[in-house]
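Quick mapping for you: the protein sequence lines, in order, are chains A and B.
Throughout the first sequence, residue numbering follows the UniProt record's numbering, covering 1 to 549 in sequence.
Throughout the second sequence, residue numbering follows the UniProt record's numbering, covering 1 to 549 in sequence.
Read the hints as simulated data drawn from the structure, not as lab findings.
Only a predicted model underlies this, so the values are computations on that prediction, with no experimental measurement involved.
Errors might be hidden in some of the hints.
The list makes no distinction among identical chains, and a pair is therefore deemed to hold if it is satisfied within one copy or across any two copies.
Claimed, not checked - Calculated cross-link-like contacts (lysine to any residue; reagent style SDA-like; alpha-carbon spacing at most 25 Å):
(1) K122 <-> G206
(2) K353 <-> P283
(3) K439 <-> Q530
(4) K3 <-> R211
(5) K353 <-> A207
(6) K450 <-> T510
(7) K450 <-> P148
(8) K439 <-> R453
(9) K122 <-> M1
(10) K333 <-> S447
(11) K333 <-> G413
(12) K450 <-> N340
(13) K195 <-> N340
(14) K326 <-> N348
(15) K450 <-> V501
(16) K311 <-> Y52
(17) K333 <-> D44
(18) K353 <-> M370
(19) K439 <-> A527
(20) K450 <-> Y22
(21) K376 <-> Q177
(22) K195 <-> R211
(23) K439 <-> L266
(24) K100 <-> E181
(25) K450 <-> D44
(26) K245 <-> E399
(27) K439 <-> M299
(28) K450 <-> E399
(29) K122 <-> N331
(30) K369 <-> R281
Take a look at the letters that make up each chain.
Protein chains: 2
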Amino acid sequence: MLKLIPLGGLGEIGLNMMVVEYGDTIFIVDAGLMFPEAYMLGVDYVIPDMDYLRQNRGRVSGVVLTHAHEDHIGALPYLLREINVPVFGTPFTLGIVRHKLEEHELLSTAALHEVLPREHLKIGPFEIEFIRVNHSIVDGVGLAIRTPVGMLVHTGDFKMSHTTMEGMLTDVNRFAQCGEEGVLVLLSDSTNVEKEGHTASSHEIGAELARIIQAARGRIIVALFASNIARIQQIINITARLGRKIVFNGRSIEVSVSIARQLGYLSIPEGMEIDIDDLSRYPDDEIIMVTTGSQGEPMSALARMSAGTHKQIKIHDQDTVILSSKFIPGNEKAIGNIINNLYRHGANVVYEKISNIHVSGHAFREELKMMLNLTKPKFFMPVHGEYRHLVLHCRLAGEVGIPEEHQILAQDGQIIELDDNGFQIRDSICAGRVLIDGKGVGDVGRSVLKERRLLSEEGLVVVNMAFDEETGIVVYGPDIVSRGFVFETETGYLLQDAQCVVLEIVEDITPDVPNRVERMRQRIQSALRQYFFFTIGRRPVILPFLVEI
Amino acid sequence: MLKLIPLGGLGEIGLNMMVVEYGDTIFIVDAGLMFPEAYMLGVDYVIPDMDYLRQNRGRVSGVVLTHAHEDHIGALPYLLREINVPVFGTPFTLGIVRHKLEEHELLSTAALHEVLPREHLKIGPFEIEFIRVNHSIVDGVGLAIRTPVGMLVHTGDFKMSHTTMEGMLTDVNRFAQCGEEGVLVLLSDSTNVEKEGHTASSHEIGAELARIIQAARGRIIVALFASNIARIQQIINITARLGRKIVFNGRSIEVSVSIARQLGYLSIPEGMEIDIDDLSRYPDDEIIMVTTGSQGEPMSALARMSAGTHKQIKIHDQDTVILSSKFIPGNEKAIGNIINNLYRHGANVVYEKISNIHVSGHAFREELKMMLNLTKPKFFMPVHGEYRHLVLHCRLAGEVGIPEEHQILAQDGQIIELDDNGFQIRDSICAGRVLIDGKGVGDVGRSVLKERRLLSEEGLVVVNMAFDEETGIVVYGPDIVSRGFVFETETGYLLQDAQCVVLEIVEDITPDVPNRVERMRQRIQSALRQYFFFTIGRRPVILPFLVEI
Chain A
1 MLKLIPLGGL GEIGLNMMVV EYGDTIFIVD AGLMFPEAYM LGVDYVIPDM
51 DYLRQNRGRV SGVVLTHAHE DHIGALPYLL REINVPVFGT PFTLGIVRHK
101 LEEHELLSTA ALHEVLPREH LKIGPFEIEF IRVNHSIVDG VGLAIRTPVG
151 MLVHTGDFKM SHTTMEGMLT DVNRFAQCGE EGVLVLLSDS TNVEKEGHTA
201 SSHEIGAELA RIIQAARGRI IVALFASNIA RIQQIINITA RLGRKIVFNG
251 RSIEVSVSIA RQLGYLSIPE GMEIDIDDLS RYPDDEIIMV TTGSQGEPMS
301 ALARMSAGTH KQIKIHDQDT VILSSKFIPG NEKAIGNIIN NLYRHGANVV
351 YEKISNIHVS GHAFREELKM MLNLTKPKFF MPVHGEYRHL VLHCRLAGEV
401 GIPEEHQILA QDGQIIELDD NGFQIRDSIC AGRVLIDGKG VGDVGRSVLK
451 ERRLLSEEGL VVVNMAFDEE TGIVVYGPDI VSRGFVFETE TGYLLQDAQC
501 VVLEIVEDIT PDVPNRVERM RQRIQSALRQ YFFFTIGRRP VILPFLVEI
Chain B
1 MLKLIPLGGL GEIGLNMMVV EYGDTIFIVD AGLMFPEAYM LGVDYVIPDM
51 DYLRQNRGRV SGVVLTHAHE DHIGALPYLL REINVPVFGT PFTLGIVRHK
101 LEEHELLSTA ALHEVLPREH LKIGPFEIEF IRVNHSIVDG VGLAIRTPVG
151 MLVHTGDFKM SHTTMEGMLT DVNRFAQCGE EGVLVLLSDS TNVEKEGHTA
201 SSHEIGAELA RIIQAARGRI IVALFASNIA RIQQIINITA RLGRKIVFNG
251 RSIEVSVSIA RQLGYLSIPE GMEIDIDDLS RYPDDEIIMV TTGSQGEPMS
301 ALARMSAGTH KQIKIHDQDT VILSSKFIPG NEKAIGNIIN NLYRHGANVV
351 YEKISNIHVS GHAFREELKM MLNLTKPKFF MPVHGEYRHL VLHCRLAGEV
401 GIPEEHQILA QDGQIIELDD NGFQIRDSIC AGRVLIDGKG VGDVGRSVLK
451 ERRLLSEEGL VVVNMAFDEE TGIVVYGPDI VSRGFVFETE TGYLLQDAQC
501 VVLEIVEDIT PDVPNRVERM RQRIQSALRQ YFFFTIGRRP VILPFLVEI
């Protein structure tokens, strides 16, 4: 039996990581991260729990990457640090991976293997073919995996859209050939299953961008995702037509452009690119700047421009700022604030909500149906989505003719066993999420997050007191200090009154009472909790330090 | 000169409050709140800074409410507690206000005056007429305010949509008559100025709801905004046609339905409504439940159903749950999680993204243009929006023919002086935002929020030590305790090593050093900061308590 074990991505958008297993061989499709949810206070990012791989470390033979977005490669350094297996990917994907591993000081030991679309590689009993897909990054691929029980097709992240950079279209013919050969199971991207119809043509997006840029009288600043090389090429082409100069600003965009250029995926006419420090030598209406920060990231170039703190760029009227990207849910407020501030500086701002300047990289419903009809799988398993996306994608497959008993509605951590006769979903392995905070991997859990939440909501009150060990007399305090609770100059009386509350308890419990300090600690905690809730309606964390000396 | 002073709502969505002033008379249009932004940790809600009213308390003659949404009436209790002025509103608006003031123990002293659409009221030199508008709540009005310098029209929140409950349509004829009479200045709702075209017809929404409900085989649960009485009436009508029973569940919906019923705005056929405790007496396919929680509010009825903790309702397959409301930005994750969990319990879930079951209450661009053309104002001032909405609404007015020099692009706290000859925007008054946390009004400010943020991100480390005052010898500690920092059983060595760091400093600073304790405190703080950042990449708040006894 073939085993599929999703470690992430089947229950959330992001965190994509799938174990494929047959006999003694395991390989992994993607190793992605997820950005923390709002309740994960202080967490930098989230990676899949890799315990299953740790336990089967001897059998893990490789990682195959579909493309270079963080939700597909972000967990790779954490995987390789523990289990150093060969990594397979297309040239641009490995270019980004190289840069990432260098930052993690893992590049020198990593084994990276370049594979091109329509090329094959062998891992144990698996023969894996890369099939080009169109996505919002260059060099994305889906996989056709020939296994002893039949062919598995994994779409990666894809869309069908029929206009893009040369050579970057989804290789529908190859998917069709797989369909003709016979596909046992299709794993397909569910991200946009809620969206009717099909993604807009990037040709139209380019035309709209050109129209806006052509109409602008002053400087133009375009913010977008650093890895969206096709969009960057569109802007370069427009810049060339208008005879403007181009500036790339922002670390991630500089990295991405440099890798794409080296690989020949991006062509910039000689003499067009200038350095940001030479900007002052050109009039505003000869400049197009390409930058980062389209998601409102607080330290990004665009955020600094909107706040007026960017070293080289001061926004003024006549500037046109174009946000050529999606408003990702959760970032809307931050993006909105940046747009408001850009308008306050007098710029004209063009963004997705008011103009047709972005298109998603993930297939809409009509495209998902096309993929199902191209590959004609016997079984269908939706991937890359929250639970509702997976349910809706199963229903969609039903409309295309996959019977319910051939739809595999699986979730992270479940073991799907499969061959030509059927499938079963077996008991789960432990597939949680591991939180990364600073250098700590997994040491921030539920209890630490709960403490952070309590601290964040109402702050903290610390009570300090010392007693003479023998006589029980107070030798210091009560000293009461707060953080994040109240603004003390205005409500200082609150903490003074709290001192009285504490002193009453101390008087009440005479030195001869057994466990006196422990009892005081408990009474102080509950009395202050009541007192603060009664007077000001808040429940700060209360930390009494009572020491005997 | 007429003075307009926006205290809120011109720079944000929500917090709507506008001062209108002529000579010795001030009155206020709306007194709304705003829900806190993500960075306002622990804050319950936000109200406008009312300092200008406090300083001019003797001249404030009334509050006129356009409708009963929280962003228009939520700050009223805080206003009335300080300045008890008469309140004017339509019957449903005052019904909700009465309930709110009762909760704040302010009802007995409040002076509430009912005004109907097309009725007039006089406040000093102002003659104010209520004009019916269609919005996502019943009994909304705009205002035609006749002043000594000319007529001001304030739209309130409105849309033009031509199908709704009987008698709840926007009174376009009256706005047209104002236009014929001559409007000096139009203040118009900017919320949806980013949206092309016009709002969908609520007739279509009703038809879609009916189709979904008719097709459902089991129990039906509809979640919506409690105040959306027109939508509730649609559901009652569908329920009647199908001969089902209806249950209202959730506190706010019960209040809203009861007020609307008393006023005759909602008609429920005899015997249709049943109590939630009688549910078990009816088969599932005879039930329609109307409930709250469509924004993913964690304590709402729908959230408890999805979590499996609702006392009377356990979700199972055959249930159909309909979220007939918008996904408000910021709530998307919470709503998504509820939908995922409802699917996990086997329910079918229908929501805005996959079905046409909600329509906005705010005019889209075509409707905004219609309002401009109906009222033909000399001056135009956009209200109810973030800065970008106000800018875009000014531009839209320009398209309709309001010249740029007649567009008033104002912001919270500015004083707009206006008469037939022109306007000027004068220096600002202090118009900040006041944060409400528990019973505290305004005592949580920037510094407290910053402390909460620091505590929330990396937690807290407390160091406790006591020294003999004379000898300088350590008599207690160092005792090191953390909260929200690390999970101590896994990384306990961190805190042990931190003890050594502290002890080294103590040894280093001999008892004869002047200001010894203060110097130790500073050194401990910076040494621990460095130590934790180096070892684990985090920067907790460090609180050293060093006392001399």
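Results for each hint:
| no. | hint | verdict |
| --- | --- | --- |
| 1 | K122 <-> G206 | neither (40 Å within a copy, 57 Å between copies) |
| 2 | K353 <-> P283 | neither (30 Å within a copy, 45 Å between copies) |
| 3 | K439 <-> Q530 | between (39 Å within a copy, 14 Å between copies) |
| 4 | K3 <-> R211 | neither (51 Å within a copy, 42 Å between copies) |
| 5 | K353 <-> A207 | within (17 Å within a copy, 28 Å between copies) |
| 6 | K450 <-> T510 | neither (35 Å within a copy, 40 Å between copies) |
| 7 | K450 <-> P148 | neither (47 Å within a copy, 59 Å between copies) |
| 8 | K439 <-> R453 | both (21 Å within a copy, 20 Å between copies) |
| 9 | K122 <-> M1 | within (19 Å within a copy, 83 Å between copies) |
| 10 | K333 <-> S447 | between (29 Å within a copy, 22 Å between copies) |
| 11 | K333 <-> G413 | between (34 Å within a copy, 22 Å between copies) |
| 12 | K450 <-> N340 | between (34 Å within a copy, 23 Å between copies) |
| 13 | K195 <-> N340 | between (29 Å within a copy, 17 Å between copies) |
| 14 | K326 <-> N348 | within (18 Å within a copy, 29 Å between copies) |
| 15 | K450 <-> V501 | neither (28 Å within a copy, 28 Å between copies) |
| 16 | K311 <-> Y52 | neither (48 Å within a copy, 38 Å between copies) |
| 17 | K333 <-> D44 | both (19 Å within a copy, 18 Å between copies) |
| 18 | K353 <-> M370 | between (28 Å within a copy, 21 Å between copies) |
| 19 | K439 <-> A527 | between (39 Å within a copy, 18 Å between copies) |
| 20 | K450 <-> Y22 | neither (41 Å within a copy, 53 Å between copies) |
| 21 | K376 <-> Q177 | within (10 Å within a copy, 64 Å between copies) |
| 22 | K195 <-> R211 | between (27 Å within a copy, 20 Å between copies) |
| 23 | K439 <-> L266 | neither (35 Å within a copy, 59 Å between copies) |
| 24 | K100 <-> E181 | neither (38 Å within a copy, 68 Å between copies) |
| 25 | K450 <-> D44 | both (16 Å within a copy, 19 Å between copies) |
| 26 | K245 <-> E399 | neither (51 Å within a copy, 33 Å between copies) |
| 27 | K439 <-> M299 | within (20 Å within a copy, 35 Å between copies) |
| 28 | K450 <-> E399 | neither (44 Å within a copy, 53 Å between copies) |
| 29 | K122 <-> N331 | neither (41 Å within a copy, 46 Å between copies) |
| 30 | K369 <-> R281 | neither (53 Å within a copy, 44 Å between copies) |
Violated hints, in rising order: 1, 2, 4, 6, 7, 15, 16, 20, 23, 24, 26, 28, 29, 30; the structure is consistent with all others.
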